[in-house]
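J.: The residues making up each chain are set out below.
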Amino acid sequence: MKLNFSIFSLLRLFVIIMILFILLAPFLWILLASFRPNMELVRNQSLIPNSLTIENYVSLFSKSGYWQWIINSLIVAIYTVLISIPLIVAGAYSVYRTYFWGRNALSLFLLSVYIFPTALLVVPIFRIFNDLKLVDSHLGCALMNTAFAVPFGIWLLQAFLKSLPPELEEAAAVDGIGRMRTLIQIIIPQVAPGIIAIAMFAFIVSWTEYLFAMTLLLSNDLHTLPIGLTGIVFGQYRVNWGFAAAGAVGSAIPVFLLFLIVGRWFIRGISAGAIK
Amino acid sequence: MASVALKNLYKNFGQTTVVRNVNVEIDDGEFLVFVGPSGCGKTTTLRMVVGLESLSQGEIHIGNRLVNDLPPGDRDVAMVFQNYALYSHMNVSRNLGFALKSRGLADQEIAKRVQRVAKMLDLEELLERKPKQLSGGQRQRVALGRAVVRNPQVFLMDEPLSNLDALLRLQTRKELIELTTELNSTVIYVTHDQVEAMTMGHRLAVMNKGEVVQLDPPEKVFNEPSNRFVAEFIGSPPMNFLDVEVVEENFQKILKSDAFDLVLPKYWDSLSESEAILGFRPHDAQLVAEGGVAGRVTVVETLGAEKLVYLKVGKNSLSILVPAAEKIRSGDQLRFDLNKDALHLFNRADEKRIMLFKQS
Amino acid sequence: MTKQDFRSRDARLGFLLVLPAVVLVILVVILPIISGIQISFTSQRVVGSEYEFIGLKNYFELFEDKQFIASLGKSAIWVLANGFFQTLAALLIALLINQPFRGQNFVRTWIILPWAVPAAVTAILWRWMFDASSGIVNTTMKGMDLVQKPVLFLANPDIAGMSLTFVNSWRYIPFLTIIFLASLASVPEEEYEAAKVDGATPWLQFKSITFPNLLPTLTVLGLVGTLWASNVFDIIWMMTRGGPGDATTTVPVLMYDMAFYGYNISKATAGAIIFLFILIIFAFVFIFANRKQFVIASDTFQDLSK
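These protein sequence lines are chains A, B and C, in that order. Here the first sequence is numbered in my numbering, starting from 1 and rising by one per residue. Here the second sequence is numbered in my numbering, starting from 277 and rising by one per residue. Here the third sequence is numbered in my numbering, starting from 637 and rising by one per residue.
These are computed hints drawn from the structure, not numbers from a lab. Some hints here could point you the wrong way.
[Claimed, not checked] If we take Cβ atoms under 10 Å as the criterion, some of the chain C residues that face chain A in the derived model are: (1) Leu716; (2) Phe720; (3) Phe721; (4) Leu724; (5) Ile748; (6) Ala755; (7) Ser770.
[Said to hold, decoys possible] If you want the ones that stay clear, here's a sample from chain A, every Cβ over 12 Å from chain B, calculated: (8) Leu52; (9) Ile177; (10) Ile187; (11) Asn240.
It should be emphasised that the depicted structure is a prediction, and the values quoted were computed from it without experimental measurement. Ideal placement from N, C-alpha and C gives every residue a C-beta, glycine not left out.
Let's have the full structure, built from the sequences with the hints guiding it.
T.: Here it is, written out as C-alpha cells:
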C-alpha cells in the first residue's frame, strides 16, 4: 500500500512538472533567445548559444517606441482598473447582496457581453465611439476593456460576497448606518482581497487587449504595447526573431513583476479567502 | 428605556403564515423571552420589532411611537445577533464606537462611552484587538457592548448565547442578567432553550406554530402550562402524558388509565370532562413499597444526584426521577405514587389545560 | 400593511449600483449591435463611403457564400475543440494541483503567466517555437529522430488548426485552472472529512462532493468560455491570418478580413449578425438547460422563515 501510494505521488509530481514545463518553458526559451544575435538564431539550431548579445534590447529600447508603448499600455490599464473596480464592486454588491426584482436577469444580461463578436462589430463600435469623441483616446480604449472586464469581474467577486453573513448589513442597519456607508465602510474592507484580485483581472484584460486598441487608437504615439509590438514584428517581410524575442520579454516583464508582487493574492481573492 | 407593544402581529411569507396574531406588551425594564422550537416564528417576530422584516398586519409601538414604517436605524433599538456580526476589519474599540461615530457623536464622547462599556464588560484589555483574536466569550461580550454603548430604548437579542460552550453559557447568562438588571433594560430575548428562558425571563412568551400560546412569568408557565405543548416544552426532563377516563365513584372523581386508578383531590370535584390527558412531571413521583402505580423498568439514566427511570406502565411509557442512591436496574418492577397536587389535566380534543378553581 | 422591510428598501439602491455597469454594456454591446444591424442592410463598403439600403441582400449573398458556410463549420469545430478541451484540461489540472505538495503556492501563482501576457507575445513565442527551420520543437524532434523532415505546424492545412487550438489552450487553460482552483478552495473541508469517515473512495468523493460544488462554476465557465472561444480573433490573426488557405478561417477572421481587406463592411457586418444570432440561440438554450445553476442571486436572504 505504502509503495503504491508513493508511486502515485511520484507520477502526480511528474505530471505537474510536465504541465509547468509546457506552460513556462517557452518563457525561458524566449528569454534566452532574446540575448542571442538574430543571425545565430536562424542558422544555429543548437540549444546552447554560441554568443550572447544585448543588441536586441538596445534596438528595442532605443530604436522602437517601446517606452512610449509601455506608458500607453499602463495608462489604458490604469484607466481600466480605476473604472472597473467601482463598477464591479457596486455591481457585485447589487447582484449578490441586495434584493430587487430582476437582479438575476440583470446579471445574465451583463454576461451577455461575451456573446458579442468583438472582431465583427468593431465597425459600429468605431462609429459610436467616433460620435462620442472617444476614438483615438486611451479613455475610449479603457472603456471598451472595462466593459469586458466588468461582467466576469462581478462573477469573480461572488464567492467573496456570498461568504459574508447577512447579519453584517442587518447589524449596521439596526445601528442606523446608511446602506452606502455600510457598503463602503463595512463590506468593502471585508472584501479587500477580492478587490485586489479583480483589479489584477482588469489589468490583465487591458494589458493583453489587441483588437480595440488596434481599432480605436489611430495615432502612432498612442499605440499600446501589443499594437506596437505586432507592428514591428509581423509588419516586416522577414521576422527578426532576436528582436521579436526581446520585444516579447519586454512585454512580459511588467506582468511578471505584477505577479511577483501581488500574484499570490489572485486565487485567494477569488475564493472567499478559503486558501490558507 | 421604553415599553414595547406588539398588537395583532402577522407575518406571511407567500402563502405561509409564520407569525399569527401575536399580542404582547412588554413593560419598561422588563426582560421578556420568546421561547419555542425552531420554526415557531420567534425570530421573525423579533426581526419585525427591529425592522428587518416587514409586517403583514398589526402594529408595533416602542414607547409611545408607532414604528411600523420606521427603518431599523430609526427605531432606537439595538440587536445582538447569534453570530455576533462583528466587523472583522475593525478592532474592538472601533466596533464599539462605529454606530456612535456614524451618528455624528463627538470623538471625545464616543471614547468616554466606549471606555465605560469596556469597563462594564471587562473588555478594557482587548480594545485594540481584532475580532479574530478574541475567544468566543469575548466576541459575545463585544457584541453585547456594541448594543449597550448605544444606550437604546430596547435590547433585542437573538439566541446570543447559543454559540458558546456549555460552561461559558452558564456564566454569561448570569452576567447578562446582572447587566440588564443594573441597566434596568427593556429586553426582548429569543431562545429555543427553555432553561435559558426560565432563568432569564421576567415573563415568557411561549410560541408554537406562529402563535404565542402562553404569556406568563416562568413559575406560572412551569406550574400551570396553558396546554400540552407548553407543558412538554418547558421543564426538563419533559412531562409525562397519558390518556385517562374520568369517572365518579362515591362522590369522588377518579382517573382511570389502562393500568391504574387515581383518586383526585377534592378540588377537582367540579371536573366535568369524562376523558382527559393526564400530565405529571417526573419529579412529582415517589417510590413506594406498596400501593401506588406499578411499572416495569426499561431504561435507567443516571443524571448525577438523581436517576431518570423509564417505565412501562400498562401501554404507556413514563419516566420518573428517583434519588441516585436507589438501586434500580432495567427489568425491575417498581411502584410509585404521584404528587396529587401537581397533576395537570388537558382536554383531549384541543389539548388545552383544564382549569378549575384550585384551593391552595 | 407596508412592504417597507429591510430587503425591499434596498431595491432602489441595488438597482442604482448596478446601473453604471448596465449602461456601459448597453453602450458597447447593445448600441453597436443595433448599429450593426443597420449597416448590414446597406451596401456600404468602407467606413464613411456612400451607401444605399439594400434590405436582406447581404444576408442572401452570405447564405450562398461557400467560404462563409465553411467558416461557420470551422468556428463550430474551433469552439468544440477549444471550449471542451480547455474546460476538461483545466478541471483536471486544478484537481491535480489542489492537493497539497511542496511548491504548491509557486505553481498556483505562476501557472497563470501564459494568460497574463499579451496575445502578441504568445504569437511571437509559438510562431518561433513552431518555426520549421529554427524552431525548438522541430529541432528537438529532429534531434530525437522522431521526424525526418520538419513539421509545418502553421503552414500545413491539416495541422494548423490543431496547432492554433494548442496555442489558444496554452493561453486560456491557466486562467480556467485558477478559477477552478478558487472554486475548489470553497468546498467545505468537513464534507470531505465526513466522506472519508464514511469510507468513500476518491471517485465517489469527486462525484458526490467535488463535482456538485463545482457545478455552478463549471456552468458559468461552460457558457462564458464557449462564447470567449467562439470570438477568439487575435491569436488566429497574428499566427496564421486564417491560413494556410482557408484552413483556420473561423467566422471572426473571415468577417474581419472581409471588412477591412475585402472592403465590404456591410456584408461582413451581416455575417457578424448571423454569427451573433447563432450565439444568442446557443446562450439561451444553454441557460435554459442549466437554469438552476444560474439562479445566482443571494441565497443568503432566502432562509428567513425560521
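J.: Now look at each hint and say whether the structure bears it out.
T.: Verification of the hints:
1. This hint is violated: C/Leu716 has a C-beta 17 Å from the nearest C-beta of chain A, more than the 10 Å allowed.
2. Interface hint at C/Phe720: violated, since its Cβ lies 17 Å from the closest Cβ of chain A, which is beyond the 10 Å cut-off.
3. Because the beta carbon of C/Phe721 sits about 14 Å from the nearest beta carbon in chain A, more than 10 Å, this interface hint is broken.
4. The criterion of a C-beta within 10 Å of any C-beta in chain A is not met by C/Leu724, whose closest approach is roughly 14 Å, and the hint is violated.
5. For C/Ile748, the shortest C-beta to C-beta distance to chain A is roughly 7 Å, which falls under 10 Å, so the interface hint holds.
6. Given hint, C/Ala755 at the interface with chain A, holds; its Cβ is 5 Å from that chain's nearest Cβ, closer than 10 Å.
7. The beta carbon of C/Ser770 is positioned within 10 Å of a beta carbon in chain A (closest approach about 6 Å), and the interface hint is therefore held.
8. Residue-level check passed: A/Leu52 sits 51 Å from the nearest beta carbon of chain B, beyond 12 Å.
9. Consistency note on A/Ile177: stated as away from chain B, yet its beta-carbon is not over 12 Å from all of that chain's, at 5 Å minimum.
10. With 12 Å as the threshold on Cβ separation, the claim that A/Ile187 sits away from chain B is violated: the shortest Cβ distance comes to roughly 10 Å.
11. Every CB of chain B is more than 12 Å from the CB of A/Asn240 (nearest about 52 Å), matching its label as outside the interface.
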